[in-house]
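Since the structure of chain C is provided, determine the placement of chain R on it from the hints.
Taken in order, these protein sequences are the chains called C and R.
Residue numbering for the first sequence follows the working numbering, starting at 1 and increasing by one per position.
Residue numbering for the second sequence follows the working numbering, starting at 1 and increasing by one per position.
Note that these hints are calculated values from the structure, not bench results.
Bear in mind that the values here come from a model prediction, so they are computed numbers and not experimental data.
Even for Gly, the Cβ is constructed at its ideal location relative to N, Cα and C.
Keep in mind that the hints are not guaranteed to be accurate.
Distance condition first, Cα-Cα at most 20 Å in a straight line; then the derived EDC-like pairs of lysine to aspartate or glutamate [claimed, not checked]:
#, chain 1, residue 1, chain 2, residue 2
1, C, K263, R, D273
2, C, K263, R, E272
3, R, K62, R, D18
4, C, K202, C, E183
5, C, K263, R, E191
6, C, K202, R, E272
7, C, K177, C, E9
8, C, K202, R, D273
9, R, K252, C, D265
10, C, K263, R, D234
11, C, K177, C, D149
12, R, K331, R, D251
13, R, K62, R, D19
14, C, K177, C, E139
15, R, K62, R, E86
16, C, K263, C, D217
17, C, K177, C, E80
18, R, K252, R, D309
19, R, K287, R, D309
20, R, K62, R, E191
21, C, K263, R, D251
22, C, K263, C, D219
23, R, K252, R, E45
24, C, K263, C, E278
25, R, K62, R, D101
26, C, K202, C, E278
27, C, K202, R, E191
Derived Cβ-Cβ restraints for the label pairs, each shown as a range [to be verified]:
#, chain 1, residue 1, chain 2, residue 2, range
28, C, G8, R, Y162, 47 to 57 Å
29, R, Y162, C, T70, 29 to 39 Å
30, R, L111, C, E317, 33 to 43 Å
31, R, M136, C, T270, 37 to 47 Å
32, R, E311, C, G315, 31 to 41 Å
33, C, L111, R, V317, 50 to 60 Å
34, C, Y285, R, E25, 49 to 59 Å
35, R, A330, C, Y285, 54 to 64 Å
36, C, S286, R, Q157, 15 to 25 Å
37, C, E139, R, E311, 38 to 48 Å
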Amino acid sequence: MDRLTPIGEPVLEVENAVKHFGAGRVGGVVRAVDDVSFVVRRAETVALVGESGCGKSTLGRLVMCFDRPTSGSVRYEGEEIFMLGTAALRRYRRGVQMVFQDPNTSLNPRLTVARSIQRAWESNRSFLPRAQWRSRIAELLDMVGLSSDRAGFYPHQLSGGQRQRVAIARALALQPKVVICDEPVSALDVSIQAQILALLYKLQSTLGVSYLFISHDLDVVRRISHRVLVMYLGRIVETGTVADVFERPAHPYTRALLAAVPKADPNGRTLLTRRLLEGEPPSPYSPPSGCRFRTRCPIAQDACSRTDPSLVNIGQEHRAACLFPVREPEKL
Amino acid sequence: MRDTVQTEAVREPLLVVDDLRVNFEMGETSVYAVRGLSFSMNRGEVVAVIGESGSGKSVTIKTILGTLQMPPGRLLSGSVRFDGEELLTMAPRARRSLQGDRIAMVFQDALAALNPVYTIGWQIAEIFHVHRGMPMSAGMRAAGELLQLVGIPNATQRVNEYAHQFSGGMRQRVMIAMSIALRPQLLLADEPTTALDVTVQAQIMQLLARLSAETELAMLLVTHNIAIAAEVADRFLVMYAGSIVEMGSADKIIAAPAHPYTKALVDLATREDVIDPIPGAPPDLRKAIDGCAFEPRCPFATEICRRVDPELRHVQVRQSVACHHSERLAKESAWTG
Chain C
1 MDRLTPIGEP VLEVENAVKH FGAGRVGGVV RAVDDVSFVV RRAETVALVG ESGCGKSTLG
61 RLVMCFDRPT SGSVRYEGEE IFMLGTAALR RYRRGVQMVF QDPNTSLNPR LTVARSIQRA
121 WESNRSFLPR AQWRSRIAEL LDMVGLSSDR AGFYPHQLSG GQRQRVAIAR ALALQPKVVI
181 CDEPVSALDV SIQAQILALL YKLQSTLGVS YLFISHDLDV VRRISHRVLV MYLGRIVETG
241 TVADVFERPA HPYTRALLAA VPKADPNGRT LLTRRLLEGE PPSPYSPPSG CRFRTRCPIA
301 QDACSRTDPS LVNIGQEHRA ACLFPVREPE KL
Chain R
1 MRDTVQTEAV REPLLVVDDL RVNFEMGETS VYAVRGLSFS MNRGEVVAVI GESGSGKSVT
61 IKTILGTLQM PPGRLLSGSV RFDGEELLTM APRARRSLQG DRIAMVFQDA LAALNPVYTI
121 GWQIAEIFHV HRGMPMSAGM RAAGELLQLV GIPNATQRVN EYAHQFSGGM RQRVMIAMSI
181 ALRPQLLLAD EPTTALDVTV QAQIMQLLAR LSAETELAML LVTHNIAIAA EVADRFLVMY
241 AGSIVEMGSA DKIIAAPAHP YTKALVDLAT REDVIDPIPG APPDLRKAID GCAFEPRCPF
301 ATEICRRVDP ELRHVQVRQS VACHHSERLA KESAWTG
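For reference, chain C alone in the conformation it holds in the complex:
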């Protein structure tokens, strides 16, 4: 299957997005998302990777307009979404849909497949005349690889993979331009994972939809994305094409993440001798001074505690926030 080359125009632009959460009685703030900028172009898959707590899901929620950012902007087709009036916001929500991790909880157990899908049209009356709902549901189910007789089924009558297909059909009901996928295959078995990824692929090439793909699974990200954003403690530390990030990682954190991915290598095991990242990310209440990664970084120097590095160009689309980025395509 060929990856559709993304078309230049940006659909979604996130600029200097910041989201701080007050920490209640403890005081202080958690900088969940701290000055993040990126764009998603038409028919492009941009992956957001990082460990739990790095802010990737918070960023997804900002883009979905579930949360307002502390500062910064999110633009959809050039329009600032946090300035939108009710009607325009409705339009936005039509254009940006979401697929969640766990289809067991994201689908209402008391609604049949058909009703889950048509809820989208019930709340967007002008989108599709009621007379066409039935046939459109059949089309959508066919698109996601389910036979139309599944329309009358309840979620418990479906397998996990089928449920995720329904969740995808529901997300596509309003013909969105962007689908935010938050760990869409993490809860599924390996063979079913592969099927859902292939489906997302196919839908992108037929519909031209863009994905913001939030995942901690680097194998999955490598298979599906065009570009990758690596997050650490609320910041993007490296961004580039899939080849940039996976074959020429420049940030020591990205390199450590890739080194941690288990490998099925017939030439022998390397786990016992492999140098792994130690410890866990520091608390986002009080990130370290200077570079946030320096406390776990194998190449940190004095300068790293004084200067907070910003993203600098390494290659054409390849950028890393590190004072000492690795520029050689060195083997991991």
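Structure of chain R alone, referenced to chain C:
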């Protein structure tokens, strides 16, 4: 027979599972969860049971450990011999003292497995107290040493903390510490890293690999991830729909999988260009399966696969497979890479 077992005791495998069959009875229907499973494990060996949900891998572990709820679970046949002793017919009391002492378990969800209202140190000390009659104060000191062994910083202070004060990775380390406290011969680990981040997952797998390499600990690792299995296991058991489809040396299986299902799993783990190698879904285990359980999803399937359930047979030294067409598979994989 008894005599031969006695004289052969030195060479007898640590664990021998023979023709294990387990059903779940749900009212009128029964689910065939494990359909005739046989394998053995040597002392100090690391064996990975690889399979997806419904493959019967967790049921197998639970049956070995004796924690399978019966009913709804029902043991149809089989035997599980540990170090020469039959576990399935052992008196509950004897079996309990064996567990923890010589067979230990690491679960997926450490937060659920740890007691929230006792300190970590207390819970470890209790193990020594119950099994070894050690005073709790000495047990607390031993707990500190154990936590240090599994790589928990400030172990001597952290024994006084509770499970919620530990991160996910640290909790998993605590559970590993508890499982190895009594120096068991066999460690059962059911998806020990599934809930963890990739960096922490690698740390935990490294710890388990180190423990089994440094001690005579045998480990039966249950996982759905063949790459994780490849990092630590000497031998693979690949399960599908309640039975073993391929078994053998980890290196050989990764280099040349002989079952189409294993091949798809290996391809997914090693090749980026493979997107969707296995169509369909696992079979409905409520129905009896004629022929090969993988047949509906198999690109190699022919008429015989629908009729005859293939038996495990050797394809080479230390590799056996249950497939009618493994020779064809080997030929075609040689072409495609």
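A quick look at each hint next to the structure:
1. Restraint check: the Cα-Cα separation between K263 of chain C and D273 of chain R comes to about 16 Å, which is no more than 20 Å; the hinted pair holds.
2. With a CA separation close to 13 Å, the supplied pair K263 of chain C and E272 of chain R stays within the 20 Å bound.
3. As the CA atoms of K62 of chain R and D18 of chain R are separated by approximately 15 Å, the hinted pair is consistent with the 20 Å bound.
4. Simply put, K202 of chain C and E183 of chain C have alpha-carbon atoms about 18 Å apart, close enough for the 20 Å limit, and the pair holds.
5. This hinted pair checks out: K263 of chain C and E191 of chain R have alpha carbons roughly 17 Å apart, not beyond 20 Å.
6. Distance restraint check for K202 of chain C and E272 of chain R: the Cα-Cα separation of roughly 17 Å lies within the 20 Å cut-off, and the hinted pair is therefore satisfied.
7. Note on K177 of chain C and E9 of chain C: the hinted pairing holds, with a Cα-Cα distance of about 12 Å set against a maximum of 20 Å.
8. Distance hint between K202 of chain C and D273 of chain R is fulfilled; the C-alpha atoms sit about 15 Å from each other, no more than 20 Å.
9. Between the alpha carbons of K252 of chain R and D265 of chain C the distance comes to roughly 11 Å, so the proposed pair stays at or under 20 Å and holds.
10. Distance hint between K263 of chain C and D234 of chain R is fulfilled; the C-alpha atoms sit about 15 Å from each other, no more than 20 Å.
11. Our distance criterion of 20 Å between C-alpha atoms is broken by K177 of chain C and D149 of chain C, whose separation comes to about 28 Å.
12. For the given pair, K331 of chain R sits about 19 Å from D251 of chain R by alpha-carbon distance, which is consistent with the 20 Å threshold.
13. In summary, the hint linking K62 of chain R to D19 of chain R is supported, as the alpha carbons are separated by about 16 Å, within the 20 Å threshold.
14. The straight-line distance between the Cα atoms of K177 of chain C and E139 of chain C is roughly 18 Å, inside the 20 Å bound, and the hint therefore holds.
15. Pair hint K62 of chain R plus E86 of chain R holds up; C-alpha atoms about 15 Å apart against a cutoff of 20 Å.
16. A distance of roughly 13 Å separates the Cα atoms of K263 of chain C and D217 of chain C; the hinted pair therefore holds under the 20 Å criterion.
17. The suggested pairing of K177 of chain C with E80 of chain C holds, with an alpha-carbon distance near 16 Å, which does not exceed 20 Å.
18. Taken as a hint, the K252 of chain R and D309 of chain R pair is broken in the structure, with Cα atoms around 24 Å apart against an allowance of 20 Å.
19. Note on K287 of chain R and D309 of chain R: the hinted pairing holds, with a Cα-Cα distance of about 15 Å set against a maximum of 20 Å.
20. Our distance criterion of 20 Å between C-alpha atoms is met by K62 of chain R and E191 of chain R, whose separation comes to about 13 Å.
21. Note on K263 of chain C and D251 of chain R: the hinted pairing holds, with a Cα-Cα distance of about 12 Å set against a maximum of 20 Å.
22. As the CA atoms of K263 of chain C and D219 of chain C are separated by approximately 10 Å, the hinted pair is consistent with the 20 Å bound.
23. Restraint check for K252 of chain R and E45 of chain R: satisfied, since their Cα atoms lie roughly 16 Å apart, inside the 20 Å limit.
24. As the CA atoms of K263 of chain C and E278 of chain C are separated by approximately 19 Å, the hinted pair is consistent with the 20 Å bound.
25. Between the alpha carbons of K62 of chain R and D101 of chain R the distance comes to roughly 17 Å, so the proposed pair stays at or under 20 Å and holds.
26. Pair hint K202 of chain C plus E278 of chain C does not hold up; C-alpha atoms about 39 Å apart against a cutoff of 20 Å.
27. For a cut-off of 20 Å, the pair hint linking K202 of chain C to E191 of chain R is broken: about 32 Å separates their Cα positions.
28. Take G8 of chain C and Y162 of chain R: their Cβ atoms lie about 54 Å apart, and the range 47 to 57 Å holds.
29. For Y162 of chain R and T70 of chain C, the Cβ-Cβ distance of about 33 Å falls inside the hinted range of 29 to 39 Å, so the restraint holds.
30. Remark: the range hint 33 to 43 Å for L111 of chain R to E317 of chain C is upheld by a beta-carbon distance near 41 Å.
31. For the pair M136 of chain R and T270 of chain C, the beta carbons lie near 42 Å from each other, so the given range of 37 to 47 Å is met.
32. Checking the proposed 31 to 41 Å range against E311 of chain R and G315 of chain C shows it is violated: the Cβ atoms sit about 55 Å from each other.
33. At roughly 56 Å, the beta carbons of L111 of chain C and V317 of chain R sit within the given window of 50 to 60 Å.
34. Range check, Y285 of chain C to E25 of chain R: about 52 Å between beta-carbon atoms, so the 49 to 59 Å window is met.
35. Between A330 of chain R and Y285 of chain C the beta carbons are some 56 Å apart, a value that agrees with the proposed interval 54 to 64 Å.
36. As the Cβ distance of S286 of chain C to Q157 of chain R is approximately 20 Å, the hint placing it in 15 to 25 Å holds.
37. Distance hint for E139 of chain C and E311 of chain R: a CB-CB separation of about 46 Å, consistent with the stated range 38 to 48 Å.
Consistency note: the structure conflicts with the earlier hints numbered 11, 18, 26, 27, 32.
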